[in-house]
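Following the hints, complete the assembly by docking chain B onto the known chain A.
Order-wise, the sequence lines are chains A and B.
Residues in the first sequence are numbered from 2 upward in steps of one, following the numbering used here.
Residues in the second sequence are numbered from 242 upward in steps of one, following the numbering used here.
No lab work stands behind these hints: they were computed from the structure.
Computed from a prediction, not measured in an experiment: that's the story for all the values here.
Just so you know, not all the hints are guaranteed correct.
[To be verified] Below, simulated DSSO-like cross-link-like pairs (lysine-lysine); rule was C-alpha separation at most 27 Å, straight line:
| id | chain 1 | residue 1 | chain 2 | residue 2 |
| --- | --- | --- | --- | --- |
| 1 | A | Lys119 | B | Lys379 |
| 2 | A | Lys56 | A | Lys42 |
| 3 | B | Lys476 | A | Lys101 |
| 4 | A | Lys56 | B | Lys406 |
| 5 | B | Lys406 | A | Lys101 |
| 6 | B | Lys379 | A | Lys157 |
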Amino acid sequence: MTVKHVFLAAFATFVAVSVTTAGPGSGTISGKITYEGTPAKPKSIDMSKEPSCAKQHPTPITTETVVTGPGNSLANVVVYISAGAPDEPPPSTSANFDQKGCQYLPHVLAFQVGQELKISNDDQTSHNIHPLAKINREWNKSQPPGTPPIIDKYDKAEMIPVKCNIHPWMHGTFAVLKNSHYSVSSDDGSFKLPNLPPGKYTVTAYQESYGEMTQDVVIAGGETKTISFVFKAKPY
Amino acid sequence: MRKMNISKLFMFVAILLAAPLLVSAQQGESHIGNLSGNAGAGKQLYYRYCWGCHGFRGDGNGENAQYLNILPRNFVAATFKCRSTPTGTLPTDQDLYNSLVRGFNNSNMPSWITLTDQNRADLVAFIKTFSPRWKTDKAGDVIPVPAEAPLTVQSIKHGQELFQKLECWKCHGPEGRGDGPSASTLTDSNDQPIRPYNFAAGSRFKCGSTNHDLYKIFMTGLDGTPMPSFADVIKPEDAWDLVHYLRTLQVTHKSPELALWLTTKEGQEIVSAQKIYGTPTGSGIKQ
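Pulled out of the complex, with its shape left as it was, chain A reads as follows (with noise of 0.2 Å):
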């Protein structure tokens, strides 16, 4: 083994090193959604009519519709890549889906094209769930209490409104996406979207009142890139 050989055995492990920290999962989109105007404001929710779910909420809970934070902060926004990205295999673990005190937890669920998702219902009510899919299949399946989850899978992306009918107050959002880069802002506001290659992405931001917003995004390397969504808000 001569010296060159043993300078470019050198130089591969420096590129292979590179490369993995470069590769996959290095760049991070991070960021706060905002609001700007005047938002509806929360309504509170009259169970009175659900007797066994009111006596779950010593105050009333009030709608979900826009939910916002300290500093013009917007909560339960979908933040994803929508281009740039290749299409992935789902993960193997399932989405939750959970009625309890006849709300949903979480009131938006992200979770990817093909993933299981589980519906639970943790009420002494029945309930039905209606998500009213156009581009995937519309179904509709009643769950009394104590009967097992519903498992149910999606084959296309699609935002879709999830409602059930005998209690109208209950409604929330499933994001069916196509790959893993997703976030659902937090209280707060943030999102981070990690684990991102070097490349040129379309970054959306959707939210079930005020519909969506996006921007591009170039990742070079292992950076950090921070933006932000201002959404316009409705006073109705």
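For chain B alone, kept in the frame of chain A given last:
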């Protein structure tokens, strides 16, 4: 040798030309029992009888649609109420054919018994050309309906328990009059207000009038409406009990179920407490 080659070539060309025809023929067909419907023939019929309500493009937006309070079916969305298949799946050709024969109670869709069987089969084939779903999806597997359980007082009482337990009354009302606590809030999948079925109003349901039809309605659910599927929730042996009880809610309809229910003290009390207006049919009903 040369002649054979030419004839082979000719056959090859003929097959090439015929292939797309075969494919399109498969897509534009319906099969109902021994009948085969053809979309080409159905098209002629559609643009004579159907498009005034269902629209030029089959989107339910025909010129008469604006006058109808139950909107014509949108064939492009391919969501159908009356099926024998699970919720979220396409109906069978037979299901669509049956809807044409029957028409829809309480809506403007008449029964098309004036057409021939072949006409209706052709129409089913054409209706299926409006949505690409018919090319990508197959009709769902038909939900089996077992032989009807014997009608007994016990069966009716068990059905009554199920009606309570499954909370049918939340929409249909404690007496099945379509006036439950959630009834006034209901909308269909197009955000149009929709009313739950009032059992006291008559004998016919949206998707038929037999016990078999009633069984199918709550097992399959009526897609596009608030009525969910109970196929995963109700055991087949329990389902007939619910059918028997639901029949007793049709207090203006003379049924064996109501007659039997009225032979019991409990049944008489319940039915007479409903203060029926209209034509009484049972012995215990007073106007």
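Quick rundown of the hints versus the structure:
1. Lys119/A / Lys379/B: Cα-Cα ~25 Å, so holds.
2. Lys56/A / Lys42/A: Since the Cα atoms of Lys56/A and Lys42/A sit roughly 24 Å apart, the hinted pair holds (cutoff 27 Å).
3. Lys476/B / Lys101/A: holds (25 Å)
4. Lys56/A / Lys406/B: holds (20 Å)
5. Lys406/B / Lys101/A: holds (19 Å)
6. Lys379/B / Lys157/A: holds (17 Å)
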